Amino acid sequence: MKILVPVKRVSDPENANKVKVSGDGSQVTADGLEYTMNPFDEWSLEAALRLTENGSNKERVGEIVLVSIGPADASQIIRKGLAMGAERGIHIEAEDENLDSHVVAQVIAAIAKEENVDVVFLGKQSADGDSNVAGTKVAEMLGWPLVNYAMSIATDAEGKTFTVKRELDFGQQTVKVTGPVVFTSSDRILQPESVKNGVTPADFAYPESDGARHTPIRNIMQAKKKPIDQKSFADLGVEPKRVNEYVKFELPPARSGETTFVESVAELVEKLHTDAKVI
Amino acid sequence: MTDVLVVAEVSEGQPRKATLSAISFAKAVAEGTGGAFDILSIGDGAESAAGALTGFGARKVLHTEIGGGYVSETFAPTVAAAAGGYGVVTACASSFGKDLLPRVASKLDAGVASDISSVAVEGGDILYTRPMYAGNVFGTLKITTPVQVVTVRQSEFEPAAESGGASPVEAFGAVDGGDAAGRIEVVNLEVVKSERPGLTEADVVVSGGRSLKSAENFENVLEPLVDALNAAMGASRAAVDAGYVPNDLQVGQTGKVVAPKLYIAVGISGAIQHLAGMKGSKTIVAINKDREAPIAQVADYFLVADLFDAVPAMTEEVKKLK
Ligand SMILES: Cc1cc2nc3c(=O)[nH]c(=O)nc-3n(C[C@H](O)[C@H](O)[C@H](O)COP(=O)(O)OP(=O)(O)OC[C@H]3O[C@@H](n4cnc5c(N)ncnc54)[C@H](O)[C@@H]3O)c2cc1C
Ligand SMILES: Nc1ncnc2c1ncn2[C@@H]1O[C@H](COP(=O)(O)O)[C@@H](O)[C@H]1O
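So the protein lines, in turn, are chains G and F. Every letter in the first sequence is one number past the one before it in this note's numbering, and letter 121, counting from 1, is 121. Every letter in the second sequence is one number past the one before it in this note's numbering, and letter 195, counting from 1, is 195.
So that you can see chain F by itself, here it is in the shape it has in the complex (with noise of 0.2 Å):
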């Protein structure tokens, strides 16, 4: 029997959608070992988070108001103190999951799974699969430690739909963050408003790489497919480095993971890290002027064009569908 604590991502008093994969491996966590799970909600808002989290089968919520912005230093030591009794504690393998989550396994002395694809329990063990080498390789492992600590790939878990009931709601005291803490001090936090579809949970995604060579192309040529679709845009780790677009749109090993029913790279080579990005989408398209480019091991359709040409064209074509 394992019980699993849910550490919710808050934002803007609303739990993010990744925290709702976060609770799918921890209801099939709980349901394989016979164990039950809670949600704990931090952070600024977390409150009201809390609330928006009671009606997916949590034996309890639990929330603990931080402000100052989020930084693992002062999320820590309450996750930690929140986390007793509980045999795996979890969150999504976000920004936020990937930087605090190491964090409270290192006070709890806990191995850590980190991005697992999917989670299986045999026997007593608990098996946590996961992407390697760039998604070359899985790997499947256990850990040893009695506290286990484990982010998930937001792709590879489907969001937990509500399930009805109304789990309790209770305060929990937050605990100093002490001199670690004290030697840190959000400045100032920017973040990308966009009216599409998030990057990581959209049915379309669009990327546009290098060869789109400025950021008014991004614009101009590549955006208005990306609104036809309804997709959500991305781009490579060229185009963000050229200062093209924000780097929350980068996708690959070093970016944002995405399985989208449809996935369009435009101008982009498919280098090994990117494809670790994308590779898990379900029909990917290539529009790209060299027919050798290494993103045709992985297309089921290759169209062999200009992007300047083939991307205007393919918008009104799409335009003429709806």
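Okay, chain G solo, but in the shape it has when bound (with noise of 0.2 Å):
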């Protein structure tokens, strides 16, 4: 199985709160913070790395490309990635307020295409952008069957239909898909026994955690001997021309009005009675 992993590299998102926007409005500033990987696209590799290899001995039994898109340094992010696992990385640069889900799906679906990919597993949103589109644009633009916000993927023994289970709003539904597909991943993807590929042992659980593999020292040594391609957006056939245009950012308003500690229950019932009148 040949699987393209889109790989953003974002602001550090656990420290969202400390970007700053520009003073007139044009730009969104993260300085001083590092730049990461999409921790979202960091769910779905790991989801992909499991579906590439037999979990009890890691060995590797498909392929892995990553994809940027993103300036010179994104290739760390593909670095990265191939440190996980990843056998392949392809960087196009770009500056990232050319960006949008558009010109990004664009892309993807044009290296899925000239990849000849089984599957393109993409991070459900960007955690700077927040928007949840390109996965499913590239869907169609491929003309492929989508899988949003999947919990839990079993392949047959092929690897060429796929049990997904996913999360919806209301509950989860389960469908069957015959590739080639994409797939975004929900929280969920990382538990323990969210991915059966039909070659890892069926009662094989990976460890429980909330995130995705760690790469030892050595990973990241022998990941800098893996090849990284540039690529520019005429190689592809892409015209970069965004159809989202942001005219202005802006914080949120702070919210009003201090903390108030209470000592006990029946303070904070009666503040919420009588003050704050909401029970």
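Incorrect hints may appear among the rest.
Now the stretches of chain G that chain F is said to cover, found in silico as 3 or more residues with beta-carbon under 8 Å [claimed, not checked]:
no., region
1, 48 to 60
2, 141 to 152
3, 187 to 195
4, 218 to 225
5, 237 to 250
6, 261 to 272
Chain F is nowhere near these chain G residues, computed Cβ spacing over 12 Å in every case [claimed, not checked]:
no., residue
7, Gln76
8, Ala94
9, Val138
10, Gly179
11, Phe204
12, Asp229
13, Ser232
14, Glu258
The set of hints was computed from the structure by calculation and includes no laboratory data. Quick caveat, the model's predicted, so the values are computed rather than measured. Where a beta carbon is used, it is the ideal one built from N, C-alpha and C, also for glycine.
Join the two chains, each given in its own frame, into one complex according to the hints.
This is the structure in structure tokens:
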């Protein structure tokens, strides 16, 4: 199975409350924040790794190609993915300001075709833009079925059909889908038994964790030898024309008022009843 | 003049309440630009749901019956076909809207403004404002394509009220889904049924975190307070991941976004991704044994206590008020 995993460089989402807006409101500035792999992409990459390895001995049984569209140092995000276990990377250099989900989706769809992959596995959203659009657009551009918010995936022996459970607002839907296919993941894709690929022993469980796998130094060193191809929009036949034009950014209004610390339940209920008048 | 098409979300022959937020948005755009809005009711039970949508001032209500359960592959071609002539296509930013509308947009070569919190019409432009960076920045954008696709955040758009009148109802023919639709099939849908108010609709939400330690404690410790307040129950990701409650209760960046009058976070630390889903609430209460917990950044009232003592005691106090 060959899987394309798009990975975006984003400013550290754990410190998203420290991003600022330029004086004229024209830009978001993340000065002083580190850049990381979009966590939603990291989850999808972890799921893709589990689809393409024998979990019990970590032998690779498929191939993962990473793609990142972004400034020069987006290549470091690709390196991180290579250290986690992906085989190759493709970097399309671009400034973040010139991108939107539409342009990104066109690039990803073009690469999916060129690379003839079985699966494109995106994050459900960028942790900076929070759009949640590119994955679905990619599926339509390719004319492929799509399963957003996958929480578990089981493949048949040939890796051609997938039984996927996904999270919806009001419950869980199970679909059966024949590849090639586009997936995005939900938080639960990282659970110990969420991915079953027909190669990993059926009773194997990954360790409990709330994030993707860590990369030992040895893997980081080895990843330096893995190839990253540089490509341009022109190489892919994509005209990078944005359709979303941001005219202004603002910080949200600060919450008014201090935090009132209360000592007893009686005091809390009294305040909610007589001051806040909410119960 | 911009005409708007609202895609209604249908469940068991009724429109889901989320649809009413999309209608509010459509009304605002239609009024601001001097256009009109129509509604497309689509899915299993679409015709009967259309009947429930005729009193909101739409120019017409279309309906297309599509069986086999919801997947974007079978719905999107019909929505795209119905969208001819409209300047804006919209739905609520529920899992339905977020799953369906970008596919429709792609068919129409349209830009998408997703999960918007407000809209303004200025000059000839429609300006969409949306939270980004887990709610830490608000961005305002224009879409430059002839058709614009928009999903709206339910907690920011009041549900439309019926305004009388009777919009004419028309059938709209389903369009074949093609190859993609032929490769996906719904096997099963597990719907979580609850007698309680819906998380995105309730006036009061009580959420529990990892610290509740078990499904039994959610039931025995938290639920009595939830019910005493006639509230909806919510949870942190950690509580959902641990299997204490189903995923549809998750509040946050990857769960639901809520903005009730009262939000009570019980044993929830207040991670940035959790705050993204609840900091728009009017009054926020934290019950936590650690007074340094980051939830204090947004809490109006903070009870420093062990939840296993405080929650049952609070349930009793609340009952006394009734
Ligand atoms: C990309 C991404 C997306 C995410 N999306 C979401 C999301 O949508 N929603 C979400 O909630 N999280 C989300 N998370 C996870 C988030 O970062 C936190 O890990 C999670 O919210 C923590 O849940 P918690 O507060 O229940 O647990 P903890 O952080 O472990 O906090 C437990 C709290 O309970 C208190 N406590 C413990 N025992 C007691 C007691 N007996 N009485 C009173 N207080 C007690 C502790 O002091 C502590 O503050 C996301 C993470 C990532 C990386
Ligand atoms: N610049 C980018 N480079 C690579 N992948 C991206 C980029 N932007 C978005 N994506 C992918 O598309 C998904 C959805 O993004 P978005 O529509 O921006 O929320 C992300 O989780 C990534 O998998």
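Are three or more residues of the region 187 to 195 of chain G within 8 Å, CB to CB, of chain F?
holds (count 3)
Non-interface claim for Val138 (chain G) versus chain F (Cβ beyond 12 Å):
Its Cβ does come within 12 Å of chain F, the nearest being 8 Å, so this is violated.
Compute the least Cβ-Cβ separation between Gly179 (chain G) and chain F, then decide whether it is above 12 Å.
Contrary to the label, Gly179 (chain G) does not stay out of reach of chain F, its closest Cβ about 8 Å off (not over 12 Å).
Looking at Ser232 (chain G) again, its CB stays over 12 Å from all of chain F?
With a cut-off of 12 Å, Ser232 (chain G) remains clear of chain F, as the shortest Cβ separation is near 23 Å.
Run the C-beta distances from Ala94 (chain G) to all of chain F and say if the shortest one exceeds 12 Å.
holds (18 Å)
Check whether three or more residues of the region 237 to 250 of chain G sit with their beta carbon closer than 8 Å to a beta carbon of chain F.
holds (count 9)
Does the claim that Asp229 (chain G) lies outside the interface with chain F hold up, using a Cβ gap greater than 12 Å?
holds (26 Å)
Take the region 48 to 60 of chain G, compare each residue's beta carbon with every beta carbon of chain F, and decide whether three or more fall closer than 8 Å.
Violated, because only 0 residues of the region 48 to 60 of chain G bring their Cβ atoms closer than 8 Å to Cβ atoms of chain F.
Proximity test - 8 Å, beta-carbon atoms, the region 141 to 152 of chain G to chain F, at least three hits:
holds (count 9)
Verdict on chain F covering the region 261 to 272 of chain G, criterion of 3 CB contacts below 8 Å
As far as the region 261 to 272 of chain G goes, the hint holds, because 10 residues have Cβ atoms under 8 Å from chain F.
Examine each Cβ of chain F, and state whether all of them lie more than 12 Å from the Cβ of Phe204 (chain G).
At about 19 Å from chain F, Phe204 (chain G) clears the 12 Å cut-off, so the statement holds.
Far enough from chain F: is every CB of that chain over 12 Å from the CB of Gln76 (chain G)?
holds (21 Å)
Hints 1, 4, 9, 10 and 14 from the list above are not met by this structure, while the remaining hints are.
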